[in-house]
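Peer 1: Each chain, written out:
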Amino acid sequence: MNQKDSTKLGVVVSGSLSQGILARLDSNTSVEDITVGHLVTIQGNTRRFFGMINDISLETSDPGILLTPPEAGEEFLASVLRGTTTYGTMQIVPYLTLGSDESLIEGPQPVKSIPSHFSPVYLASETDIELVFGKEGSKNFFIGNPLDMEVKLCLDLPEFVTRSNGVFGKSGTGKTFLTRMLLIGILQTDAAVNLVFDMHSEYGWMGTREKASPVKGLKQLFASRVSVFTLDEKSSQERRVSTDFVVHLGYDEIEPADIELLRQTLNLTDQAVSATYQMRQRFGQKWIEKALALESDGETEDVLKSLNIHEATFQNLIRGLNVICRLPFTSPHVETRAVDKVLEYLQSGKHVVLEFGRYRDITAYILVANLLTRRIYSRYRENTEKAMAENRPRPKPLVITIEEAHKFLNPAVAGQTIFGTIAREMRKYNTTLLVIDQRPSGIDEEVMSQLGTKITCLLDSEKDIDSVLAGMSGKSGLKSVIAKLSAKQQALVFGHAVPMPVAFRPRDYGSAESYEQFGKMPAVSDSQDLEDLW
Amino acid sequence: MDEASSRIAEVTQASTAGFFAQCYELFDLPPLGSLIKCRDGENEILAVTCNASTSSLEPGRRPIARGKTELTEEDVFRSNPQLKQLLKSEFEGVVLGHSFNNEYYHYLPPRPVKLHSFVYLCTTDEIAEFSRSLEFLSLLTSARTDIPSEELVAACIRFISACHADPSTFTAAAGKKLAQIFVDDYPKLRTILLRLKL
Chain A
1 MNQKDSTKLG VVVSGSLSQG ILARLDSNTS VEDITVGHLV TIQGNTRRFF GMINDISLET
61 SDPGILLTPP EAGEEFLASV LRGTTTYGTM QIVPYLTLGS DESLIEGPQP VKSIPSHFSP
121 VYLASETDIE LVFGKEGSKN FFIGNPLDME VKLCLDLPEF VTRSNGVFGK SGTGKTFLTR
181 MLLIGILQTD AAVNLVFDMH SEYGWMGTRE KASPVKGLKQ LFASRVSVFT LDEKSSQERR
241 VSTDFVVHLG YDEIEPADIE LLRQTLNLTD QAVSATYQMR QRFGQKWIEK ALALESDGET
301 EDVLKSLNIH EATFQNLIRG LNVICRLPFT SPHVETRAVD KVLEYLQSGK HVVLEFGRYR
361 DITAYILVAN LLTRRIYSRY RENTEKAMAE NRPRPKPLVI TIEEAHKFLN PAVAGQTIFG
421 TIAREMRKYN TTLLVIDQRP SGIDEEVMSQ LGTKITCLLD SEKDIDSVLA GMSGKSGLKS
481 VIAKLSAKQQ ALVFGHAVPM PVAFRPRDYG SAESYEQFGK MPAVSDSQDL EDLW
Chain B
535 MDEASSRIAE VTQASTAGFF AQCYELFDLP PLGSLIKCRD GENEILAVTC NASTSSLEPG
595 RRPIARGKTE LTEEDVFRSN PQLKQLLKSE FEGVVLGHSF NNEYYHYLPP RPVKLHSFVY
655 LCTTDEIAEF SRSLEFLSLL TSARTDIPSE ELVAACIRFI SACHADPSTF TAAAGKKLAQ
715 IFVDDYPKLR TILLRLKL
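Those protein sequence lines, which keep their order, are chains A and B. With this note's numbering, the residue at position 35 of the first sequence is 35, and numbering never jumps. With this note's numbering, the residue at position 27 of the second sequence is 561, and numbering never jumps.
Bound-form chain A, shown alone (with noise of 0.2 Å):
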């Protein structure tokens, strides 16, 4: 590649492959244009890398200077010792090289040694971006722009969906939009089939926008291949949104499991968890109901001494199990089974929306999302080992999407609820996760460290940015950058799915030109038709 269509930004002067490399800015290059989380190419000897700013630095030659700096009128002064005597440096890590035989047919690889003394550093080039992360194409959907880059960046989503993902930011920062935008990528390269538990209302029919009108919401877009399931019949029809199905849900679907999960949010005692089990075994699957009829029975006593309860665990159960009664959308029993409905959509290849409406409680959230979860996690999992055992190709891949991820998937609970294990045991069974969550460091350093490809927007504390790096080399330069995002459209993607971490501005939405172009497929290259063809 002609390596004089870039610009050039300096020389490397020393480093280390665990350290990162140094390079020196030319004296042409203003400190000031370079920003961290830039990608630049470095031209060594034989071969070609790839890597990423992750910090910027003032140094001089003479620290005489620091003591009598030029004056206010010395501007020849400083101009001459700007770039000479005072010169910028800064720090690259690398992470791809390309150049030596085998990485020639294998495109970029994993880096294993460092460029040499002087090797001239560029600015990468839009062709370096696409022979990177690819072009778009019916595999790679465009996700944004490298900062300051024209180029498109894209994410090559079949492999995306191999692995459970999160995204992560601060309240505020864009992480609906990204979430909705990588929604539609999946939709759009039919790379799987999304469940999505959407707490807020913003991903089936509207999104909110801060200071803007409302976005359109999956639904809206593919009207055909989407649709909308709600908990809140009354909220979705002032809101004009047309579902597909209401879900409500019976006592007799409700396992002790479930309730486990919601023992902080219930303020239940660990007896009382116990006592859920017992309840189960004795009264069968119509336990709550029967459990609460217990109460105004005057054979209680006898029962809880059979079942070995105490009568304060009891009734710290009660209180809970009402809780969870008084939710609107749960009754005795119901006739259609919202998981069979939902199994149903999914499996003709519809992307489901579960809308909260008003029920924005955690509780509902939490019992709602883990009881359906847990059912579609266990049927998809025997339609796999179906599949397998009978030689059919295995079901779509299913991509549940959670918010406030951290409450399913803190340590406390990380181990026993159905998220915990999604997240670890992968694609085994064709179904993962995107998390969605605002505190990573909430989530436990397990699960966290199993979710493939991270995108994360601004995140300021220490701890969320030390959670989101976990498991990650080069984590300390990667630091850097994600703290010096900016607050809105700005993310950073790694892991899994990319082959370098890059940080992005991710593309419009909102506009009607980005609805039209998020409608359009786009055009397949003919070098993914070879791939494929590979």
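Just to be clear, a hint being listed does not mean it is correct.
[To be verified] From chain B, some residues computed to sit far from chain A (all C-beta separations above 10 Å):
1) VAL545
2) THR550
3) GLU559
4) HIS640
5) THR657
6) GLU660
7) LEU668
8) SER672
9) ALA689
10) ARG692
11) ALA706
12) GLY709
13) PHE716
14) ASP718
15) ASP719
16) ARG724
[Said to hold, decoys possible] These stretches of chain A come out as covered by chain B in the derived footprint (C-beta under 8 Å, 3 or more residues):
17) 56-68
18) 82-95
Hints are computed from structural coordinates only; laboratory data are not their basis. Backbone N, C-alpha and C define an ideal beta-carbon position, used for all residues, glycine too.
For chain A, the structure is supplied; the task is to place chain B on it using the hints.
Peer 2: Okay, now just chain B, sitting in the frame of chain A:
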């Protein structure tokens, strides 16, 4: 400027790194930092002028004051015509490079200039051509002279820059080169740069 008028002096003492020359005319000294040249067959040796002085021809005898009754300084010489024969103007040349086969080299020539070589002023074109490469600055900055070397370096750059079509670009480039040379001597660099006002 023809060749005869550009011939200003004659070498009276020579070494590899420099030479002393005596002016043909009293007080006809080249300015500090100007470029001069001596011929050695087809080739030339270029130098920068410094340490100019006018003194008695006899080392032990100092001139005495004679102008008490004269109205102007010129009258002193008019009334004492012998003075021009008893005094001499001299200057030192510090070698900055040489030419060989019509090409300039910015390092010391293989041999010093010959005694009694004629000393010529360089033309503007020659200076511009010679200073296209800034490598001569390393010989210039390492010169050992009686005057502070910062003064000589600054004067020379000022002089040469005036021979370029765009003096400020040349001065800026020379400044950058000096910053590389004085990478560990900021006070000296600062002194020189402050004498190169654009």
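Peer 1: None of the hints should be skipped; say for each whether it holds.
Peer 2: Structure-based check of all given hints:
Chain A leaves VAL545 (chain B) outside its interface by the beta-carbon criterion, the shortest separation being 36 Å against a cut-off of 10 Å. Separation of THR550 (chain B) from chain A is adequate, the least Cβ-Cβ distance of about 31 Å exceeding the 10 Å criterion. Every CB of chain A is more than 10 Å from the CB of GLU559 (chain B) (nearest about 37 Å), matching its label as outside the interface. Distance to chain A confirms HIS640 (chain B) as a non-interface residue, since its nearest Cβ pair spans about 20 Å, more than 10 Å.
Every C-beta of chain A lies more than 10 Å from that of THR657 (chain B), the closest at about 28 Å, which supports listing it as non-interface. Chain A leaves GLU660 (chain B) outside its interface by the beta-carbon criterion, the shortest separation being 26 Å against a cut-off of 10 Å. The beta carbon of LEU668 (chain B) sits about 13 Å from the closest Cβ of chain A, which is more than 10 Å, so the claim that it is off the interface holds. Consistency note on SER672 (chain B): stated as away from chain A, and its beta-carbon is indeed over 10 Å from all of that chain's, at 15 Å minimum.
In this structure ALA689 (chain B) is separated from chain A by more than 10 Å, as the shortest Cβ-Cβ distance comes to about 16 Å. For ARG692 (chain B), the requirement that its beta carbon stay farther than 10 Å from each beta carbon of chain A is met, with the minimum near 12 Å. ALA706 (chain B), annotated as away from the interface, has a beta carbon of chain A within 10 Å; the closest lies near 7 Å. The non-interface label for GLY709 (chain B) is inconsistent with chain A: the shortest C-beta to C-beta separation is roughly 4 Å, within 10 Å.
Not every CB of chain A lies more than 10 Å from the CB of PHE716 (chain B), the least distance being 8 Å, so the non-interface label is violated. Not every C-beta of chain A lies more than 10 Å from that of ASP718 (chain B), the closest at about 6 Å, which undercuts listing it as non-interface. ASP719 (chain B), annotated as away from the interface, has a beta carbon of chain A within 10 Å; the closest lies near 7 Å. At roughly 6 Å from the closest C-beta of chain A, the C-beta of ARG724 (chain B) falls inside 10 Å, breaking its exclusion from the interface.
Residues of the segment 56-68 of chain A lying with their CB closer than 8 Å to a CB of chain B number 5, which satisfies the three-residue condition for coverage. With a threshold of 8 Å between beta carbons, the proposed coverage of the segment 82-95 of chain A by chain B holds, since 3 of its residues qualify and at least three are required.
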